[in-house]
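Asks: Protein chains in written order, with my numbering: chain A, 1 to 90; chain B, 1 to 315.
Some clues are possibly wrong.
[To be verified] Derived pair list, reagent style SDA-like, types lysine to any residue, alpha-carbon separation capped at 20 angstroms: (1) A:K19 <-> B:A307; (2) A:K19 <-> B:L214; (3) B:K274 <-> A:A86; (4) A:K54 <-> B:K106; (5) B:K271 <-> A:E63; (6) A:K19 <-> B:G235; (7) B:K271 <-> A:K19; (8) B:K271 <-> A:V65; (9) A:K54 <-> B:G217; (10) B:K271 <-> A:N61; (11) A:K19 <-> B:V219; (12) B:K271 <-> A:D79; (13) B:K271 <-> A:D62; (14) A:K54 <-> B:L247; (15) A:K54 <-> B:G145; (16) B:K106 <-> B:G145; (17) B:K271 <-> A:L68; (18) A:K54 <-> B:E216; (19) A:K54 <-> B:E306; (20) A:K54 <-> B:K274; (21) A:K19 <-> B:A118; (22) A:K54 <-> B:T229; (23) A:K54 <-> B:D224; (24) B:K129 <-> A:D79; (25) A:K54 <-> B:K271; (26) A:K54 <-> B:R212; (27) A:K54 <-> B:V219; (28) A:K19 <-> B:Y142; (29) A:K19 <-> B:T230; (30) A:K54 <-> B:V227; (31) A:K19 <-> B:D310; (32) A:K54 <-> B:S226; (33) B:K274 <-> A:K19; (34) A:K19 <-> B:L228; (35) B:K271 <-> A:D69; (36) A:K19 <-> B:E167; (37) A:K54 <-> B:E221; (38) A:K19 <-> B:R212.
No lab work stands behind these hints: they were computed from the structure.
Please read all numbers here as calculations on a predicted model, not as lab measurements.
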Amino acid sequence: MAVEVQIPTILRTYTDGAKTVTGSGDTLAALVAELDSHHPGIGERLVDGAELRKFVNVYLNDEDVRFLDGLDTSVADGDVVTILPAVAGG
Amino acid sequence: MRYESLLASVGHTPLVGLPALSPTPEVRLWAKLEDRNPTGSVKDRPALAMIEAAEAAGILVPGATIMEPTSGNTGISLAMASKLKGYKLICVMPENTSAERTQLLKMWGAEVIYSDAAGGSNEAVRVAKVLAQENPSYVMLYQYGNPANALSHYYGTGPELLEDLPEITHFVAGLGTTGTLMGVGRFLRERIPDISIVAAEPRYGELVYGLRNLDEGFVPELYDESVLTTRYSVGPRDAVRRTRELLEKEGIFAGISTGAILHAALGMAAKAVKAGERADIAFIVADGGWKYLSTGAYEGTLEEAEARLDGQLWA
């Protein structure tokens, strides 16, 4: 299964500068673990214990995964996962 | 309708049906025209409410200086109210905002201090907090954590929506300070427990997310995840496409953030149609398109518009 993962500027030190990488896994947690095996260190920047880090937002096909099943959210072939730091508006 | 003054006329905005964009007679879209407020945006509500709360608390006294981090609309609303009430206003605004925002702020007498484009509003908040420490006499209303922001929607926008649309099933608004969604969301959920409260969050170009480290991320103190049903990230291409569609099909000339909100609202509408459920989906038209003409978002192809908006704080 191939899932497209969009990497924010701030985490591209882990992906040799790549803006998007592909990964696989049945759930977001498995996807992050797989990403970390190819890009060591990135997992720890995204996840703290069993939760996403506070200032990290992850979207599955543009929907915030915190309103799906968090790290247990199912991912499938063709999905797009976008990782972004939390920013202010207003 | 008659009001004692311009400030007294804030709110009471029309809710209009969108017959051309509504997919079926059972699944209907409604636009709350917040651009009809005195300075042309939804921010007149929280700005006035925050000033009045600070006055009531004795924090804001005649001749005081208000200082606020803002990407524009809140600052413009504060500038108008400050002029009428006799306060001085200093806005800390990211430099990558439209030229019209600066022009309007200065027109209403505000001083503008620019923060770096990289980091967007996060950087404006950081600079404003430093300024507040250095100048203890400044009154920072701090829209991201001021309960009066959300309360202006709890007591204003929310009840207006319920009165005009008692059958409402979905409320969709933009996520910035989170004040609109928190205030309206809480009010409606208390009365209609199974209502969907949906956030549309603008997704900017990379420059705006150019933080030095993830710990510089920012979640407004007002934000309470439990109020929302879901939250969508909407990029500039979808936002511009929907902004144009709203003008083309319904004649409404809205700002770009409204396009992002409409995109999420149409997504909800499509889900309801697919599920065979009735839906009355109300969303916020945050402001008109006037302030964004110089960005080029209303001309040329979607690709050209997207390229022009890259790096801009368009919502």
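Asks: Look at each hint and say if it fits the structure.
Replies: Hints, verified against the model:
Using a Cα cut-off of 20 angstroms, the hinted pair K19 of chain A and A307 of chain B holds, with the two alpha carbons roughly 17 angstroms apart. About 17 angstroms separates the Cα atoms of K19 of chain A and L214 of chain B, which keeps this hinted pair within 20 angstroms; it holds. This hinted pair does not check out: K274 of chain B and A86 of chain A have alpha carbons roughly 32 angstroms apart, beyond 20 angstroms. Taking the CA atoms of K54 of chain A and K106 of chain B, the gap is about 37 angstroms. The hint is violated against a cut of 20 angstroms.
The straight-line distance between the Cα atoms of K271 of chain B and E63 of chain A is roughly 14 angstroms, inside the 20 angstroms bound, and the hint therefore holds. Pair hint K19 of chain A plus G235 of chain B holds up; C-alpha atoms about 16 angstroms apart against a cutoff of 20 angstroms. Between K271 of chain B and K19 of chain A, the direct Cα distance comes to roughly 31 angstroms. Violation of the 20 angstroms bound is thereby established for this hinted pair. Proposed proximity of K271 of chain B and V65 of chain A is supported: the alpha carbons are some 18 angstroms apart, at most 20 angstroms.
A hinted pair counts as satisfied when its Cα atoms are at most 20 angstroms apart, and K54 of chain A with G217 of chain B qualifies at roughly 8 angstroms. Annotation: proposed proximity of K271 of chain B to N61 of chain A holds, straight-line Cα distance about 15 angstroms (limit 20 angstroms). Taken as a hint, the K19 of chain A and V219 of chain B pair is broken in the structure, with Cα atoms around 24 angstroms apart against an allowance of 20 angstroms. At most 20 angstroms may separate the alpha-carbon atoms for a hinted pair to count; K271 of chain B and D79 of chain A meet this at roughly 18 angstroms.
Note on K271 of chain B and D62 of chain A: the hinted pairing holds, with a Cα-Cα distance of about 15 angstroms set against a maximum of 20 angstroms. Only pairs whose Cα atoms come within 20 angstroms are accepted, and K54 of chain A paired with L247 of chain B is rejected, the gap being roughly 38 angstroms. Restraint check for K54 of chain A and G145 of chain B: the C-alpha separation of about 17 angstroms stays at or below 20 angstroms, so the hint holds. Note on K106 of chain B and G145 of chain B: the hinted pairing is violated, with a Cα-Cα distance of about 26 angstroms set against a maximum of 20 angstroms.
For the hint pairing K271 of chain B with L68 of chain A, the CA-to-CA distance comes to about 16 angstroms; that is within 20 angstroms, so the pair holds. For the hint pairing K54 of chain A with E216 of chain B, the CA-to-CA distance comes to about 11 angstroms; that is within 20 angstroms, so the pair holds. For the suggested pair K54 of chain A and E306 of chain B, the alpha carbons sit about 29 angstroms apart, so the restraint of at most 20 angstroms is broken. A C-alpha spacing of about 34 angstroms is found between K54 of chain A and K274 of chain B, which places the hinted pair above 20 angstroms, so the restraint is violated.
With a C-alpha separation of about 18 angstroms, the suggested pair K19 of chain A and A118 of chain B falls inside the 20 angstroms cut-off, and the hint holds. The hinted pair formed by K54 of chain A and T229 of chain B meets the criterion: a straight-line CA distance of about 19 angstroms does not exceed 20 angstroms. Note on K54 of chain A and D224 of chain B: the hinted pairing holds, with a Cα-Cα distance of about 13 angstroms set against a maximum of 20 angstroms. Restraint check for K129 of chain B and D79 of chain A: not satisfied, since their Cα atoms lie roughly 40 angstroms apart, outside the 20 angstroms limit.
About 29 angstroms separates the Cα atoms of K54 of chain A and K271 of chain B, which puts this hinted pair outside 20 angstroms; it is violated. At most 20 angstroms may separate the alpha-carbon atoms for a hinted pair to count; K54 of chain A and R212 of chain B meet this at roughly 16 angstroms. At most 20 angstroms may separate the alpha-carbon atoms for a hinted pair to count; K54 of chain A and V219 of chain B meet this at roughly 8 angstroms. A C-alpha spacing of about 34 angstroms is found between K19 of chain A and Y142 of chain B, which places the hinted pair above 20 angstroms, so the restraint is violated.
For the suggested pair K19 of chain A and T230 of chain B, the alpha carbons sit about 26 angstroms apart, so the restraint of at most 20 angstroms is broken. A distance of roughly 17 angstroms separates the Cα atoms of K54 of chain A and V227 of chain B; the hinted pair therefore holds under the 20 angstroms criterion. A C-alpha spacing of about 16 angstroms is found between K19 of chain A and D310 of chain B, which places the hinted pair at or below 20 angstroms, so the restraint holds. Distance check on the hinted pair: K54 of chain A and S226 of chain B sit about 15 angstroms apart at the alpha-carbon level, within 20 angstroms; holds.
For a cut-off of 20 angstroms, the pair hint linking K274 of chain B to K19 of chain A is broken: about 34 angstroms separates their Cα positions. A distance of roughly 30 angstroms separates the Cα atoms of K19 of chain A and L228 of chain B; the hinted pair therefore is violated under the 20 angstroms criterion. As the CA atoms of K271 of chain B and D69 of chain A are separated by approximately 19 angstroms, the hinted pair is consistent with the 20 angstroms bound. About 44 angstroms separates the Cα atoms of K19 of chain A and E167 of chain B, which puts this hinted pair outside 20 angstroms; it is violated.
Between K54 of chain A and E221 of chain B, the direct Cα distance comes to roughly 13 angstroms. Compliance with the 20 angstroms bound is thereby established for this hinted pair. Straight-line distance between C-alpha atoms of K19 of chain A and R212 of chain B comes to about 17 angstroms, which keeps the hinted pair within the 20 angstroms bound.
Going down the numbered hints, you'll see the structure goes against 3, 4, 7, 11, 14, 16, 19, 20, 24, 25, 28, 29, 33, 34, 36, while the others check out.
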